[in-house]
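Chemist: The sequence shown finishes on residue 659 if you use the working numbering, and the numbering steps up by one all the way, no holes.
These are computed hints drawn from the structure, not numbers from a lab.
One should not assume that every hint holds.
Derived DMTMM-like pairs (lysine to aspartate or glutamate); straight-line CA-CA distance at most 20 angstroms [said to hold, decoys possible]:
no., residue 1, residue 2
1, LYS582, ASP628
2, LYS627, ASP599
3, LYS416, ASP442
4, LYS507, ASP628
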Amino acid sequence: MNQNNVFRWLLNTRDLWYTPFEGVEPFKSTDHWATGHDAQRGLGFLSPPEQAKVLKFYRQSDAKLCLGSCLMKRRAISDALGINWADVIISEDENRKPCYRPSASSPKPMEFNVSHHGTLVALVGCVGNDTKLGVDIVRMSWEKDYTKVMEEGFEAWATTYEMVFSDREVRDIADYIPPPQTSKQEEVRARLRHFYAHWCMKEAYVKMTGEALLANWLKALEFRNVQVPAPAVTGDWGESCTSAEIWFHGERVLDVKLEIQAYKDDYMVATCSSNLSTSFGAFHICDLDNDIYPKT
């Protein structure tokens, strides 16, 4: 696999690992969910520490996202490096970012990053250690955010995120005027999409660096000329945008590759690479048996 080629996977966990609840409230019962045949099969492909990580979640929807993430990381490393599923050991770096540490039997390095939101899990990866990757997926919370915006006003709502965004970004978000819309509600939705595009790209960049949204330099990182990818009209994927400018401490960042793409009507996925020469492959929508579970 070429070290400049970045593969990108997407898994929808919504209909996976179904367990009949028979009156049990689903959001309260990860333990019950884990007794189901499908869930037990998926958990059986993980190590005991990975299983414990999945089962610590209170809501089974969160447990499913974690299960999907663990399985995707194992399959990606196994496929990309040509090593046995059971030999894959996933560690954490100094920033607690999941990573693969090469062993004597498999000396090749690999970079990957994972994000999940809603019911989707996204993974990006490439062979080698010359490139750092970050990915973030966001699902727009239309109902919750629309209600707050209508109660507080968009500017007041935007300033609640001033710990994450620079003063310029807060102004850009608060003052954004979308293309003409058919109703006030659609106008607010368009402005919210603009906010979420900012958030998604910033998160992907920060994850590329290995730090979190609590990084002390966060407000020094700015995204300008943010174009909002149009949602999908037919099929799964909407528009892809690469025109956003990255600025750090007032200087233009020119050695990072960034793309944000719409998925269906309510998701966006941003991919960030520290290597301009990387080639982002199209997202592959994964099938559980064929693409995620170990090969038999």
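Chemist: Find the hints from earlier in the document that the structure breaks and name them by number, from lowest to highest.
Modeler: 1, 3
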